[in-house]
Structures are given as C-alpha cells and as structure tokens.
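Participant: For reference, the chains in residue letters:
2 protein chains.
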Amino acid sequence: MEEMLRRHIEQVVRLSDEEYAFVRQHFSIKYGKKGGLLIDKSEPVRYVYLVISGLLKLVYHDKTGREHIISFAMEDWWETDYPAWFSRQPASLSLQCIEDTQVYCLSLDSYQTICAKLQKMEHFFLQKANRGHMASQERILSFLTATPRERYEQVLRKQPTLLQRVPKVLLAAYLGVSRETLSRLWRNNNRTAG
Amino acid sequence: MEEMLRRHIEQVVRLSDEEYAFVRQHFSIKYGKKGGLLIDKSEPVRYVYLVISGLLKLVYHDKTGREHIISFAMEDWWETDYPAWFSRQPASLSLQCIEDTQVYCLSLDSYQTICAKLQKMEHFFLQKANRGHMASQERILSFLTATPRERYEQVLRKQPTLLQRVPKVLLAAYLGVSRETLSRLWRNNNRTAG
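Each protein sequence line maps, in turn, to chains R and P. Okay, so the first sequence: first residue is 71 according to my numbering, each after it adds one. Okay, so the second sequence: first residue is 71 according to my numbering, each after it adds one.
Hints are not guaranteed to be accurate.
DSS-like cross-link-like pairs, simulated, lysine-lysine; straight-line CA separation at most 27 Å [to be verified]:
| no. | chain 1 | residue 1 | chain 2 | residue 2 |
| --- | --- | --- | --- | --- |
| 1 | P | K133 | R | K228 |
| 2 | R | K187 | P | K187 |
| 3 | R | K133 | R | K111 |
| 4 | P | K190 | R | K187 |
| 5 | R | K100 | R | K187 |
| 6 | P | K187 | R | K190 |
Examples of chain P residues lying across from chain R (beta carbon under 7 Å, computed) [to be verified]:
| no. | residue |
| --- | --- |
| 7 | Y130 |
| 8 | G135 |
| 9 | Q189 |
| 10 | H193 |
| 11 | L196 |
| 12 | Q197 |
| 13 | H203 |
| 14 | M204 |
| 15 | I210 |
| 16 | F213 |
| 17 | T215 |
| 18 | P218 |
Estimated spans, in silico, between C-beta atoms of each pair [said to hold, decoys possible]:
| no. | chain 1 | residue 1 | chain 2 | residue 2 | range |
| --- | --- | --- | --- | --- | --- |
| 19 | P | V239 | R | S253 | 52 to 62 Å |
| 20 | P | V83 | R | R84 | 19 to 29 Å |
| 21 | P | S253 | R | S248 | 33 to 43 Å |
| 22 | P | E113 | R | A205 | 19 to 29 Å |
| 23 | P | R116 | R | R116 | 36 to 46 Å |
Simulated from the structure, these hints should not be mistaken for laboratory data. Think of the CB as a built atom: it goes at the ideal place given N, C-alpha and C, for glycine as much as any other residue.
Starting from the given sequences, assemble the full structure and let the hints guide the process.
Facilitator: Written out as structure tokens, the structure reads:
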C-alpha cells in the first residue's frame with residue numbers, strides 16, 4: 071500500500087530512498103466513503119488527490135441542479151478542481167466518491183515545495199500535466215465530431231471497466247446524453263454483440 | 071521583435087542573459103502565409119509553435135471531410151498537435167494560418183534539452199501545461215452544460231477580438247453549430263445590443 075506512490079512516480083522518474091522520503095512526507099492519506107465528498111462546491115479546495123483505490127467523479131451542477139460529469143478518476147489518476155486549487159479560490163466543482171475510495175492528498179504549498187526542491191518532481195508533474203491536457207483535447211474532439219453512439223463506443227474501448235463500475239445514469243451525464251438515449255445505445259450494442 | 075520570446079517567458083520565470091541566450095538558440099522563426107499549413111495531416115510534426123503575430127486554427131477533418139476547429143491560436147499562444155508531437159507520430163490534426171503569421175518553432179529534442187538543463191524552463195512549461203489543461207477542461211464543461219447561444223456569448227466575453235478576425239464559417243466550426251445557427255445567434259445578439 072505505502073509503496074503505491076513510489077511505484078506511480080517511478081513510472082516516470084527514478085527516486086533515491088532519500089528523495090522518496092522527502093516527497094512522501096508531503097502527502098497524507100484519506101479514506102472517503104461511497105457517496106462522500108472530497109471537494110464540496112463553494113468550499114476551499116485543499117488538495118489534489120491521487121487515487122489509490124476506488125472511484126471518483128468530478129462534477130458540475132448547473133443552475134437547474136442537473137449534474138454534468140467532467141471526468142471519472144480511478145486508480146492511478148490525479149484529480150481536483152484545478153482552477154480553484156491553483157488560484158486558492160472556492161470550488162466551482164464537486165469531487166465525490168462513487169465507491170469507497172482511498173487517496174493520497176497533496177496541498178498546493180507542498181506541490182510547489184517538492185517541485186522547487188526536486189527537479190525530477192517538476193519533470194514528473196510536467197509529464198502528468200501534458201498527458202492531462204492531451205486527454206482533455208481528445209475529449210473536446212469527441213464532442214465536436216462524434217455522435218453519442220461513437221462516444222459510447224470510445225468509452226467501451228478505452229475504459230471498459232468503467233461500464234461495470236458506474237451506474238448508467240452517471241455514464242449518461244458523462245457522455246452528455248439523456249438516460250433514454252444511453253439505454254437505447256446499450257440495448258443496440260448488446261444486440262449487436264449477441 | 072527578437073525580445074518577444076524573452077518577455078513571454080519572463081512573465082513566468084526570470085532568466086539571466088546567459089540563460090536566455092541558451093534558450094533562444096533552440097528556437098527558430100518561421101513565417102506562414104495566410105492559408106499556409108504549419109502542420110499537415112499525416113505528415114511528421116516537427117515543432118511546437120509560439121505565435122508572435124497572426125492567427126492559426128488547429129483543425130480535425132472527419133471522414134466526410136468536414137472541418138472541426140479545436141482551437142484558435144493568436145499572439146502569445148503555444149500550439150501544435152500535441153499527441154503526435156510528443157509521440158513522434160504523424161499528425162492527425164492540421165495547423166493552418168488564418169492570417170499571415172509569424173511563429174517561434176521548438177523541436178521536441180530542444181524542448182527536452184532546455185527542460186533538462188534549466189529547471190526554470192521546466193517550471194515555465196509546467197505552468198503553461200497546467201493552464202492549457204484548465205482551459206481545455208473549461209471547454210469540455212461548456213460543451214456539457216452550455217447552449218450554442220451561451221457558448222457564443224462565452225467567446226464574445228473571453229476573446230472579443232476573435233469575432234473581428236475570424237470568418238463566421240470558422241467560428242461555427244469552433245462552436246460545433248451550423249452556419250445557419252450561428253447567423254441566427256449573430257442577428258439576435260446585434261438586435262439585443264442595438
């Protein structure tokens with residue numbers, strides 16, 4: 071368990087025992103119950119989270135109270151309300167546990183400290199930020215070019231386990247379609263598969 | 071002119087003359103005529119570009135040949151087909167000049183060299199990547215939650231000069247609406263404003 075953080079970082083940069091000890095002391099561990107909130111809209115955003123186990127949703131509630139899902143975060147994902155976290159403003163998004171979830175927590179001050187003191191960690195976070203940026207651009211492209219059916223099939227292909235772990239109503243909020251449209255896609259897909 | 075790169079970088083990190091000279095030697099300057107391509111679909115992606123003057127569009131052509139606009143890049147913007155550039159794969163996007171455009175060019179090898187040799191530059195690119203990631207997330211949110219009219223008004227608010235510089239057919243491809251829908255929004259808006 072304790073070593074997940076090190077394994078995760080060392081997929082990008084190698085750390086000495088001393089360097090890892092320095093990095094590790096800036097992280098705390100937190101447990102969230104299914105349904106619990108790690109980030110609550112309008113509250114301060116204290117941490118960026120790295121998921122150890124479990125599943126989170128990053129959501130926006132519009133004026134009518136309808137929930138829109140920006141992303142799902144599972145094992146090995148970093149997630150927070152980044153604009154609010156970086157600018158030390160209250161959250162405009164919420165981060166909620168879909169399953170019982172265990173996370174590492176890193177404050178902005180700690181993030182800045184470990185980046186400044188250890189270039190390897192600045193390099194690690196640059197890699198992560200670039201990948202996050204590319205994944206977001208891919209999602210923009212799928213909104214511009216793909217039909218709801220194609221977006222559904224992209225999720226099937228890229229995150230197959232998500233379909234087992236996420237209730238259909240949440241998947242619809244992620245794809246930006248109604249629950250009825252999703253049920254139709256689901257039925258058609260199973261018919262094709264069978 | 072020559073100093074734009076330095077001014078741009080020093081909005082984030084201060085460089086000594088020696089450090090700037092080291093960074094500067096990794097950039098070349100290129101001129102693109104209106105209509106010219108900096109990145110051509112299926113060709114190698116040699117550079118990330120920083121716009122000195124002019125205007126670019128990053129586009130995806132779908133199977134039917136229809137053009138979808140992922141972003142407009144103007145003065146002070148960095149742009150490339152990032153997934154292709156980082157992975158040294160052929161482009162799946164095109165980057166085209168909407169106006170006569172002047173850019174700095176940076177190869178992936180040079181990017182990696184200046185990041186490795188100068189932590190300040192790794193820090194600079196981390197800031198840029200984080201901002202790019204946040205801007206993309208904002209755009210995803212606007213696809214999930216905003217009507218075409220609201221997306222149009224967001225552009226009016228955030229990039230007012232874009233409306234003067236970009237033909238309406240391109241703006242429609244950026245907003246993900248038909249040209250007819252955009253004309254209706256445009257007329258309604260001018261009526262409200264008048």
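Participant: Could you run down the list of hints and mark each one as holding or not?
Facilitator: Checked hints:
Of the pairs offered as hints, the one joining K133(P) and K228(R) holds, with about 21 Å between alpha carbons and a cut-off of 27 Å not exceeded. Pair hint K187(R) plus K187(P) holds up; C-alpha atoms about 15 Å apart against a cutoff of 27 Å. For the given pair, K133(R) sits about 13 Å from K111(R) by alpha-carbon distance, which is consistent with the 27 Å threshold. In summary, the hint linking K190(P) to K187(R) is supported, as the alpha carbons are separated by about 12 Å, within the 27 Å threshold.
For a cut-off of 27 Å, the pair hint linking K100(R) to K187(R) stands: about 25 Å separates their Cα positions. This hinted pair checks out: K187(P) and K190(R) have alpha carbons roughly 12 Å apart, not beyond 27 Å. Hint on Y130(P) holds. Least Cβ distance to chain R is approximately 6 Å, under the 7 Å limit. Here the hint on G135(P) is broken, as its CB sits about 12 Å from the closest CB of chain R, past 7 Å.
The beta carbon of Q189(P) is positioned within 7 Å of a beta carbon in chain R (closest approach about 5 Å), and the interface hint is therefore held. Against a cut-off of 7 Å between C-beta atoms, the interface hint on H193(P) holds, since the closest Cβ of chain R lies about 6 Å away. Interface restraint check: L196(P) against chain R, minimum CB-CB distance 5 Å, threshold 7 Å, status holds. For Q197(P), the suggested interface contact is broken, since its CB lies about 9 Å from the closest CB of chain R, more than 7 Å.
Annotation: H203(P) was flagged as interfacial toward chain R, and the flag holds, the nearest CB pair being 4 Å apart, inside 7 Å. The beta carbon of M204(P) is positioned within 7 Å of a beta carbon in chain R (closest approach about 5 Å), and the interface hint is therefore held. Using the Cβ-Cβ criterion of 7 Å, the hint placing I210(P) at the interface with chain R is satisfied: the shortest such distance is roughly 5 Å. A cut of 7 Å between beta carbons decides the hint on F213(P): the least distance to chain R is about 4 Å, and the hint holds.
Nearest Cβ of chain R to the Cβ of T215(P): about 5 Å, under the 7 Å cut. The hint holds. For P218(P), the shortest C-beta to C-beta distance to chain R is roughly 13 Å, which exceeds 7 Å, and the interface hint is violated. Between V239(P) and S253(R) the Cβ separation comes to about 36 Å, which falls outside the hinted range of 52 to 62 Å. Distance hint check for V83(P) and R84(R): the Cβ-Cβ separation is about 26 Å, which falls inside the suggested range of 19 to 29 Å.
The beta-carbon spacing between S253(P) and S248(R), approximately 28 Å, falls outside the hinted interval of 33 to 43 Å. The hint said 19 to 29 Å for the Cβ distance between E113(P) and A205(R), and at roughly 24 Å that hint holds. The given range of 36 to 46 Å is respected by R116(P) and R116(R), whose C-beta atoms sit roughly 42 Å from each other.
Hint check: violations occur at hints 8, 12, 18, 19 and 21; the rest are consistent with the structure.
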